[in-house]
Each structure stands twice: as structure tokens, then as C-alpha cells.
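Using the sequences plus the hints, can you model the full thing?
Be aware that the sequence shown starts at 1091, since it is given in our numbering, and climbs by one per residue.
Calculated directly from the structure, the hints in this document are not laboratory data. The structure presented is a predicted model; accordingly, all values stated were derived computationally and were not measured. We put the beta carbon where it would ideally sit given N, CA and C, even for glycine. Treat each hint with caution, since some may be false.
Said to hold, decoys possible - The calculated label-pair distances, taken between Cβ atoms and stated as ranges, are:
hint, residue 1, residue 2, range
1, Gly-1113, Ala-1236, 23 to 29 Å
2, Gly-1672, Thr-1648, 19 to 25 Å
3, Gln-1677, Tyr-1613, 21 to 27 Å
4, Arg-1249, Tyr-1362, 27 to 33 Å
5, Ala-1332, Arg-1630, 22 to 28 Å
6, Arg-1174, Pro-1685, 43 to 49 Å
7, Ala-1478, Glu-1412, 38 to 44 Å
8, Met-1245, Tyr-1613, 37 to 43 Å
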Amino acid sequence: AIISKVLDELNQTHERAGQLALGVTVLEDVVAVVMLTLLTSVVQYGGGGASSVLSTLGALGAFVVFIALLSLLIVPRLLSRLSRSGQPEILVLVVAGLLLSLAWLAAAAGYSMALGAFVLGAIVGSTRFKAAIERTFSGLRDMFGAVFFVAVGMMVDFRDLGEAWPMVLLVTGLALLLRPLACAAGLLAAGNPGQASFQAGLALVPLGEFSFIIAQLGVGSGELPASFYPVAVGASLLTSLAAPIVTRRAGSWSEALTRMEPKFLRDWTELYPRLLNRLRTGSASSILWRLTGRRIIQAGVQTLFVSALILFARPLYGSAEELLGRDWLFANGLMVMFCCAIGLLALAPVIALWRNVSALAMIFAESATSGSHRQRHSRVLLEFALRAVALTAFVVWLLALLPGDRTFLGVAAGSVVLLAVVGVVFRRRFIRLHSRLEIELLEELKRASHVAAASAWSGRVADPHRDWNVEIEEVTLPGDTAHAGKTIGQLAVRGRHGCSIIGVDRSGHGVQNPRADFALFPYDKLLLLGRKADLEQAVRFLGTTGAPAGGESFDEITLLTLAVPADSPAAGRSLLELDLIGRTGVQVAGIHRRPKRIIAPTGSDCLEAGDELLVLGTQEQVHRLHEVLQPADRPA
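Written out as C-alpha cells, the structure reads:
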């Protein structure tokens, strides 16, 4: 939050270095959530060596995949349906309920509450409701942010801070020196330009808020001394104070560092991205990877999903057993029905998992035996061996997830046999069901990963062709934008910055290729097409704030009554011919011509002498209309 705020205030959010810095902060949050989850599990259940860490990571992956898949299938549709009601309060309440529910679910599973909130935020942020939800939650976010920092300050003992000030200075110095170098090295290793990497590294000086939580977890568990918490708070405070100064000078400092680079290092930093690009192109063009890559990912996701389903079934069964008893309906009845129900839910992904494993075995066997003298015989044997190994691994994996109770294993074995029969009989239906869910999930993922994911065109705007060296950027006009009411032609974005406005999203309704006379208003989302450098300038221009010139508020608009004089030049002429809105800005809401009243007159209605007009406008506009209605030889 500190880094993004500093970059936003310095107008560096849309620059290359700013984008890299924000990307690193997102990755840091992901790593921090994983670390916090591992540390929370270790504190609650104790450490058990590498095997315990691996099992915790596996369970964490299963949990994230499980709630992410369900949320991707449910949340976008739910938000879309709620948005049709036109009541933002209901949308806010539902999102808040989902947020608290996922946080509670993560805590109940033994993980940090931040994990559930992080997953929901990532999913909601990829929908077209992102901007509206951000605006609605802005007050709540600011309030909880203040509460968070007040709570952090209340937990700091200033006597400990006075004793730990040498450690605070040491940690601050290391953060100011080593953190930018480490971040810049990581960005360079990812193939980014040297100057942008150095500038982004300098912008990443502040220590994040997760350092408070991790330090408090260590102190609360007794693993760390009490002085570590004030050290974390003090170092974060000092690095945050230094952040605006360092970030403001990061451009000149990174440029100086780039000029000081030795020639061999400069040549290597220019050659290295090209080598990485060749490696990516080579791996993407590999026939074997194109045939197997997607299936390997699908098999991994399906394995984690089924694992989460079985792991979460344990506490549910315990609650059901306390409520209904183990011998519900008949001996071990609850166990039998529960195993059958969970197995039925897992049957479709298990069938899909086995189909993917079989296809991978066939592809690998075909690739390994290609060119052999006994290719057909060898391929069949190798494919059978690979399937046997996969089946053995599947059984071992299943036994590792299930409880070791003999009765439970017996019931589970019987349920597996029964479900195997059901799977064979209804195999095609399960395949169709899984395929439909998979297609819907892939559509949501494609829509979420699109550049216009948070707009009305999510998934409908094609990515620009790379040969043209152009990109698509989305920008939202701020609430106090200085461009409110101006047309696209008046802004002249194409002439000033070389970018084209290819779409406007207003409250979820998209207008593609808007005309030059299309007026823009606050919170409109614009899709810009152009080169990266031009896009950065256009985004900064469109993000300017201030009161728009000549704008009237609703408080200045009033309803008044005017009479048409007997010798008025407007008498006998239609409203369309007079064009009172264009000339004066006044709307004629009604005409009183005794004994009848005309409400909401049309352009074909004519004015007559003696008519009483109900007009809508500001005092100045009504005064202009009064002048128009007066005869030319009579003073206004």
C-alpha cells in the first residue's frame, strides 16, 4: 500500500519502472501469504521437519485451488446477476459477506485469514465490477487501514523501541541497501532492462505491512523475543519515510548507474533478454510440450481439487457425526452415505484425471519409442507400464489422504467399488458435465487474464498484433476528473499523444469505436491503443483532476414559470425550430395553455402568446430564455 501510494503521488504508476515495482509487490504479497500460512500452521500444530512443510504446502495448494475454482465459477455470475437490480448496497453486502466467509474458511482450515481474502480480492479484481467495488469499499478500506495502524502502534512498547534502536537502524540500513539490489537483480534475471530494473528496485525500499503480522506471530508464539516487534515497526516506519525521497530520485540514480556499468556487463544485460526470449520461443514451439503441457496442468489442478475435497470432508464428517451419530439409519450408515456423497462429487474430476493420465502415457510412450524397430510392441508395453505406475501412485495418494481407521477404510473401499460401477455406467454423462464446467472455467480464466478484464469488453477485445509494436491500456477517469463533459474530439488524445480511444465502458455498458462527439464523464473506463511510451503520456493526461470548466451542479438547477408575451417572436414557432436547449440551455418541462396543460412537450408543439412555460435550468439560463422570449423593441 505504501509503495503504490508513493508511485501514484509521483505519477509513476504507468511508467515501466512503476509497473515492475507494482508487479513485485503483488508477488511479495503472494509469498507473504504463503509464509504466513506456513508459520501459522507451524505455530498451531508444531514443526515436523521437511515432510511437515511439504504436506502443509500441498494442503495449502489444494485449499487455494479448491476455493479459487469454486469462486471463479460462482462469484462473477453472482455479481453479474446482482448488478441487474441496480442497488449497489446489495452488491456491497454480498461482497463483504463473501470476504468474511472466505476469511473464516481459511481460518477454520488452519491458515491465515489473509489467504481467503487475498484469493477473493484477486477474483473480484478481474471482473468488470472492480472499479465500482473499489469506490464503494474505499471508506471501509481507509477506516480499517487506520484501525490497523492504530492497533500496531498500541502493541509497541516505546521502552523496547528505545532499547532496540541499534537493531532498528541496522535493519533499516540493510533494507535501504540490499533490498533495492535484490529486487533489481531479480528483475534483471527475469529479462527486464537494466535502467528500469534499478529504478523499480529503488522504489521498493519500504518494508510492507506483512512484516508487522509475521513479527507479531513470532513474538506471540514465543519463538522470537519481544524486541523483534518494535524492530519491525521501526524499520518499516523509517523506510516508509525514506520512500518518497528515494523514489523521486530513482530515475536519475538508475540512469547514473546504467552509465557506470562496465561494457561487458552492459552487453550481457542487452544479450540476456534475447536469450530468454529464444528459450521461451523454443519451449513454446516444442511439439511434445504443446501436446502435454495443458494436460499436465489440468492433471495437477484436478489432483489438488480432489485432495481438497477429501481433506475438507474430515471436519464436515466430524460435525455430522456429533449431530446425527455414526449409526444413522443403519450400522455405520452415516459413514457409508458420507463416503458415497463425497465420492460422487469427486467422480467427475477423477474420471477426467484418469483420462488425462492415460493420454499423457500414450503421448510419452509414442514419443519414447519413435523410430524403434519394434515400435508398436514397445509402445504398448511402455504405455501399460506408465498407466500402472500412475494407478499405483493414485492408490497411495488416496490412502495418504484417508484416515487410517480400518472400519473407515473398509467402507471407503466398498464406496470406491460402487462408485466405479456408477462411473462406468454413467461415464459419458460425467465426461460431458466435467467438459462443460471446464469450458466455463477456461472462459472465466481467459476473461480474467485479458487486458480489458475489468471492463465491459472482458474477453471480447483481441490482443494487438506484436508486429505493430502497439499495446492496449485501460484507464479510468477519476471522480474529480478535469475532463468531465468534454468530448473525445475536444481532448484530442490522438493528436496530442498518438493514441486512439477504441472503447468506452460506462457502468458496464461498452461503446466500441466512439465518435469524436462522444462526451466523457467521471468513472468512464477508456481503452487506449498505441505504443507504450505514448500510452504512458496519455494515461497521465487523462488522470488529471480538477473542477471542469463551466460545470453546473444540480443544486443550481431550479423550476420556474415564464409567460410568453403577446408580441413575442417565439409565438407560433415550434420547440424544434426554436432550439431553446441549444440556445439557452433551458428545458421546457410543460406548457399551460388554458384550459389544458401539456406535460413533457415534444419538438412539434408550438408556443403561443399567453402560454405559461414550466422551465428547468439555472438562474442564468432562465434569464437568457427570458431575453429570447421578449420582443426585439422591448428591453429585457
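Hint check results:
1. As the Cβ distance of Gly-1113 to Ala-1236 is approximately 27 Å, the hint placing it in 23 to 29 Å holds.
2. Distance hint for Gly-1672 and Thr-1648: a CB-CB separation of about 20 Å, consistent with the stated range 19 to 25 Å.
3. For the hinted restraint 21 to 27 Å between Gln-1677 and Tyr-1613, the CB-CB distance of approximately 25 Å keeps it satisfied.
4. Separation of Arg-1249 from Tyr-1362 is about 51 Å and departs from the stated range, judged on CB atoms against 27 to 33 Å.
5. About 25 Å separates the C-beta atoms of Ala-1332 and Arg-1630, a value consistent with the hinted range of 22 to 28 Å.
6. At about 44 Å, the beta-carbon gap between Arg-1174 and Pro-1685 stays in the expected band of 43 to 49 Å.
7. At about 41 Å, the beta-carbon gap between Ala-1478 and Glu-1412 stays in the expected band of 38 to 44 Å.
8. The hint said 37 to 43 Å for the Cβ distance between Met-1245 and Tyr-1613, and at roughly 38 Å that hint holds.
The structure does not agree with numbered hint 4 stated previously, though it agrees with all others.
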